[in-house]
Amino acid sequence: LAKTTQPISMDSYEGQEVNITCSHNNIATNDYITWYQQFPSQGPRFIIQGYKTKVTNEVASLFIPADRKSSTLSLPRVSLSDTAVYYCLVGNNNNDMRFGAGTRLTVKP
Amino acid sequence: NAGVTQTPKFQVLKTGQSMTLQCAQDMNHNSMYWYRQDPGMGLRLIYYSASEGTTDKGEVPNGYNVSRLNKREFSLRLESAAPSQTSVYFCASSGVSVRGEQYFGPGTRLTVT
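Chains as they are written, first to last, in the numbering used here: chain S, 1 to 109; chain U, 110 to 222.
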């Protein structure tokens with residue numbers, strides 16, 4: 001199982017772009033990278049998933065370099081409502097993906 | 110379309126008591142999962158069911174049993190609750206892809222005294 005490392009916490013201000021980096025040095029060839037968001041007292045919510053290069057949806061972008069040993073979740077122009085915990089998961093099967101401690105993002109006014 | 114529902118929302122048990130947490134999904138998903146989340150930590154997989162009629166152990170299965178009653182329902186049973194099982198329990202489901210988006214329920218907050 002690929003192990004991931006993320007910053008424990010990050011602070012930002014409204015309107016800024018936030019980049020959260022996840023390190024996964026032992027990612028396997030067929031592993032994907034998936035990010036979830038969790039608000040207090042709620043279950044996680046899927047944000048984005050990618051295999052290589054760049055993936056973008058209406059919520060975020062995911063940048064994956066060629067060696068795939070890390071990935072960066074980019075949240076454009078954050079608001080107070082983006083304050084949450086963000087999890088980076090690596091694997092090819094939901095059964096093998098592991099939620100680490102995540103990154104607690106705090107957006108300030 | 111309710112998504113994933115869980116009952117109960119809250120439960121307090123005494124050590125040694127038993128209970129069943131219920132989970133149902135209305136998205137016609139094949140796979141269902143049970144996680145626990147302890148304070149300040151990420152989620153840990155207890156059991157999963159890749160399809161109706163199959164169940165498998167996850168990362169922390171000890172002290173739990175599960176039943177995939179049908180395609181919609183996946184229950185988690187604590188036969189003899191222990192204080193170490195105090196946690197928030199989340200049920201999730203996902204569709205055809207083995208790595209597809211998981212949809213989570215609202216959680217059950219369980220306290221064992």
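Treat the hints as calculated values from the structure; they're not laboratory data.
Be careful, since some hints might not be right.
Claimed, not checked - To give an idea of the interface, some chain U residues facing chain S are shown, with a C-beta separation under 8 Å as derived from the structure:
| # | residue |
| --- | --- |
| 1 | Phe119 |
| 2 | Leu122 |
| 3 | Tyr142 |
| 4 | Pro148 |
| 5 | Met150 |
| 6 | Gly162 |
| 7 | Tyr173 |
| 8 | Glu210 |
| 9 | Phe213 |
| 10 | Pro215 |
Stated by the list, open to error - Estimated spans, in silico, between C-beta atoms of each pair:
| # | chain 1 | residue 1 | chain 2 | residue 2 | range |
| --- | --- | --- | --- | --- | --- |
| 11 | U | Leu178 | S | Pro7 | 40 to 46 Å |
| 12 | U | Leu178 | S | Asn19 | 41 to 47 Å |
| 13 | U | Ser206 | S | Pro76 | 38 to 44 Å |
| 14 | S | Leu80 | U | Lys123 | 15 to 21 Å |
To be verified - Pulled from the structure, derived: some chain U residues nowhere near chain S, Cβ distances all over 10 Å:
| # | residue |
| --- | --- |
| 15 | Thr129 |
| 16 | Ser140 |
| 17 | Ser193 |
| 18 | Ser203 |
| 19 | Gln211 |
Here a beta-carbon is modelled for each residue, glycine too, at the ideal position from N, C-alpha and C.
Hint compliance check: list the failing hint numbers for this structure, sorted ascending. 1, 2, 4, 6, 7, 13, 14, 16, 18 and 19
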